[in-house]
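2 protein chains.
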Amino acid sequence: MRKVCVVGATQTKFGAMKETAREAAAEVSLAAIQEAGITPSDVQALYVGNCFGVSESQAHIGPLVSTSLGIPDRPTLTIESACATGSVTFREAYMGIAGGFYDIALAVGTEKVSHLDVLTATSYFAMGSDYSYEGRNGISFPGLYALMATAYLHKYGATQEQLAAIAVKNHANAAKNPKAHFQKAITLEDVMKSRTVAWPLKLYDCCPFSDGAAAAVLMSEERARKISGDRMYVLGSGRGGMTAALHDREDLTRMGSAKQAADAAYAMAGLTAAHVDFAEVHDCFTIAEAIATEELGFFPYGEGANQAAEGSTALGGDLPVNPSGGLKAKGHPVGATGLGQICEVWDQLREKAGARQVKGAEVALTHNVGATGGSAAVHLFSR
Amino acid sequence: MRKVCVVGATQTKFGAMKETAREAAAEVSLAAIQEAGITPSDVQALYVGNCFGVSESQAHIGPLVSTSLGIPDRPTLTIESACATGSVTFREAYMGIAGGFYDIALAVGTEKVSHLDVLTATSYFAMGSDYSYEGRNGISFPGLYALMATAYLHKYGATQEQLAAIAVKNHANAAKNPKAHFQKAITLEDVMKSRTVAWPLKLYDCCPFSDGAAAAVLMSEERARKISGDRMYVLGSGRGGMTAALHDREDLTRMGSAKQAADAAYAMAGLTAAHVDFAEVHDCFTIAEAIATEELGFFPYGEGANQAAEGSTALGGDLPVNPSGGLKAKGHPVGATGLGQICEVWDQLREKAGARQVKGAEVALTHNVGATGGSAAVHLFSR
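Sequences listed follow chains L and E, in order.
Just so we're aligned, residue 100 is where the first sequence starts under the working numbering, counting upward by one.
Just so we're aligned, residue 100 is where the second sequence starts under the working numbering, counting upward by one.
It does not matter which identical chain is used: a pair holds within one copy or between any two.
Below, a list of computed lysine-lysine pairs in the DSBU-like style, where the Cα atoms sit at most 35 Å apart:
hint, residue 1, residue 2
1, Lys358, Lys102
2, Lys283, Lys117
3, Lys358, Lys283
4, Lys325, Lys102
5, Lys458, Lys283
6, Lys112, Lys292
7, Lys292, Lys275
8, Lys283, Lys254
9, Lys451, Lys325
10, Lys283, Lys112
Hint data in this document are derived by calculation from the structure and do not stem from the laboratory.
Next up, chain L with everything else stripped away, as it sits in the complex:
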């Protein structure tokens, strides 16, 4: 397998956008290509992540993006793995290069939901659950994650305030991120007083519906050495899976797919959790970040929420988590989210993250989950 580098990565500001998903995808793709110092004609394949194109009556989005870039004769495909779509799309592009099929590939994720009312958007999201048993019977993702949160609070004696601290931290980080959906700091009291969405999760425990697009240009190391721009290395790529339905799981406080993906990525990189300088983690709800930081090996089980409350994962803490603001505050444009995490890593490892810069970071991890963990992808990057 060949070594693979990222040589360009850009994203839109997350939040409601005027562009269609296809337009936003083309915009960020071109920007990433330009950042890489190459031209669209150098790109040999396009991997597009998108979940809800049907809501814009547009499937088969790949040829539209390639045509917008002036390279309609490139192979394209669309990938969907619910909320893990962006990272799974990146993973497939990575495999295409590592396996020797391509030297240069583009991975782009895009999503638009702001044209939908909240009920319709919630219904679309619920299609990522085991719909016959979950969505159809009235439980959507806030409810599913609330079950996980309830089990977590019960099992470990954790508190709602500890979960709320995760929201406060991520909003503080997003306030320093011009690409974030919510660039506003909040207080613990704001979270605790916000209305209950699905107990124990309150409004500020939940990520927003966002529009957005994010793209990364991947190159074989050999090819990357021939260009003059920045590059970062993909040290590890891991995937995991588990049952889509919560009712099939033995322990609602665990997300084995994330551990599986992380273990695979660590093994490929020859690293452990101790080597990670910061992480972009899938925090669709505050409980998700608590569990993720445990499954990734950062903290013992039951310690994730507490460590966040103690400040370990703050920007100046021992292990900054979600310096971008995370899904919680940077936003969650489903098909783009995982690639947005990679854009953050790209900025951080090149010391271009401005006020939210993690000082001296050399190894970064991204963790992206589909639905309640049915899909997971973890990647490790270095300068």
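Once you've looked at the hints, dock chain E against the given chain L.
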């Protein structure tokens, strides 16, 4: 890159089915795994092709299939490339093995549309076009292919009867295929007298909306040598692309993406069109098969329809095309179609195709197109 084999491939009967897309996918996956003589736990990754899961309110179908197979911890993803979905899904699984990421992978395509009324189904299909310019303005796929057919008849002086001969041939083949949607022979008069859908295409020039699922188990050659069952080799895999919108093309009688995919597959295999003993070709409309047989290098431009009328592509002809009955008569369950073509090749190369057996075939080609050619995939197989 490693050599890759198919070691099991099964499909449902195409046509309206009672099962949901997820159920059908699980069924054919298990059957293909059993045919390969392995167990589900041997499968390391699942690649799922599906286009219209949203119509059943079910996205993120991978973990549902893996859970049904008892292997929820396997990585999964869903791939969509409009009507080329099945072959593009196969291609990604192939790359995963050829590139050394997996030794055994499952590619499964599944689709259900029979729960939709015709107008809704047509609307879903139209999402595969450049919707902002085509579908939204009232042109759906019969109309788009009718434009191509009109240009073809005009440019080459071909006749509607020559196109109709393709339908007659494919129905004759499907009449010998117990897995076909329409197992009924038709006459040239039946086609010519059937009502006009979009001139010059008549009802019998058009493929049906079908439900169905098809799966293939892929193995590295090294691993395949350790099992006792049948295997066939993937000799070549090629992809191509072109503009989604017809208005961006210089010549409506050409489909450059198919030629591009074929040339790539031939180059990988070290073969030419002359080596192909039979082909499963994307004949969503009769005109599509005429053009395909030209782009694949079987006949000169303008000769495809005429050669079909002359019998060259009949079961007993020089180069049988669509012995299965093709999309036209075997059926077209979008996400499953390309994998269904591979199931036919699997049966033919093992001399298990019954009354529609192509005698002594050693090299077979599959050709699968998304929409009007925006995506294309071609694969070459041998015993």
